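Peer 1: Here the protein sequences come in this chain order: A and B. Residue 42 in this note's numbering is what sits at position 42 of the first sequence, and the numbering runs on without skipping anything. Residue 1093 in this note's numbering is what sits at position 93 of the second sequence, and the numbering runs on without skipping anything.
Think of the hints as simulated: they come from the structure by calculation, not from any bench. One should not assume that every hint holds.
[As the list claims (entries may be wrong)] Below, simulated DSS-like cross-link-like pairs (lysine-lysine); rule was C-alpha separation at most 25 Å, straight line:
1) B/LYS1022 <-> A/LYS37
2) A/LYS55 <-> A/LYS68
3) A/LYS26 <-> B/LYS1057
4) A/LYS59 <-> A/LYS37
All figures in this text were calculated on a predicted structure; none of them were measured in a lab.
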Amino acid sequence: QQPVQSPQAVILREGEDAVINCSSSKALYSVHWYRQKHGEAPVFLMILLKGGEQKGHEKISASFNEKKQQSSLYLTASQLSYSGTYFCGTEDAGNMLTFGGGTRLMVKP
Amino acid sequence: AAGVIQSPRHLIKEKRETATLKCYPIPRHDTVYWYQQGPGQDPQFLISFYEKMQSDKGSIPDRFSAQQFSDYHSELNMSSLELGDSALYFCASSLRQGGEAFFGQGTRLTVV
Chain A
1 QQPVQSPQAV ILREGEDAVI NCSSSKALYS VHWYRQKHGE APVFLMILLK GGEQKGHEKI
61 SASFNEKKQQ SSLYLTASQL SYSGTYFCGT EDAGNMLTFG GGTRLMVKP
Chain B
1001 AAGVIQSPRH LIKEKRETAT LKCYPIPRHD TVYWYQQGPG QDPQFLISFY EKMQSDKGSI
1061 PDRFSAQQFS DYHSELNMSS LELGDSALYF CASSLRQGGE AFFGQGTRLT VV
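Bound conformation, chain B alone:
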């Protein structure tokens, strides 16, 4: 069965650079969530989209932006990267808002 696909799996960037993370939800899923998980921490909600519109916003820095495209894939754009942005970034999708969420394998971002 198709799962949530995230790319890239690993990314190394320097401070002040930009990064774009991509998420391809499970087919027919209309909701996408983005989470940031630091080492040993719980996933922190960043932002979510429902039917290509921003649905909720969590602790997402102003340096980050995201969107969901017409094919329902989503991209998380991160600018002026800081060392503290190093984390595992998960994307999850669900068939409806608040439904069971299926997670991608995550993108491990390392800022040096």
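Just chain A, with the same shape it has in the complex:
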């Protein structure tokens, strides 16, 4: 079953912060985050393997609450290059990587 992402779309000014949420109805082993630019392949951002784990990548970080089966992606001091569609991918017992519906992020000057 597909994870649910929120919000579906976000418009930011450069330098503003954003949070993207991902939740699943199934028990998760890991959560992946990807960013996709229009017409390009999704690009891996980070993977969270343990409950409560937080990871950071430049000004982009994420947390994983295993008990709540939720993950959040934090974008701080957003840059124009952050624009794109962010997908969370969840891995359950079947090792299948299933993507959420995506969050379209647009950063304006």
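Use these hints to put chain B onto chain A, whose structure you have.
Peer 2: Below, chain B alone, put in the same frame as chain A:
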């Protein structure tokens, strides 16, 4: 560094024709995933392979089949193509099942 290679990059087929998409994973990666992404939609999981065996199956139509060969490359075979099959088809590979997946640039299939 070597990346996931997909071929062809673009493909135009007529309805009811067949198409074969190829995917060459990153060397030493043993897992391959296939995804279909329609315009403005999220990637939909089709099928995956681990060590040349089918691992998981998603929303793959019966008209489609896929396999992973001894050199770990994978092919997605699509028959009796329909207009609705027009999409971007991504292949991704990972070092292990559920590990970080690296995507190829995709094959854009247009069915006319």
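Peer 1: Hint by hint, say whether it matches the structure.
Peer 2: These are the hints, each one checked on the structure:
1. B/LYS1022 <-> A/LYS37: holds, 23 Å
2. A/LYS55 <-> A/LYS68: holds, 18 Å
3. A/LYS26 <-> B/LYS1057: holds, 17 Å
4. A/LYS59 <-> A/LYS37: At roughly 18 Å apart (the allowed maximum being 25 Å), A/LYS37 and A/LYS59 satisfy the hint.
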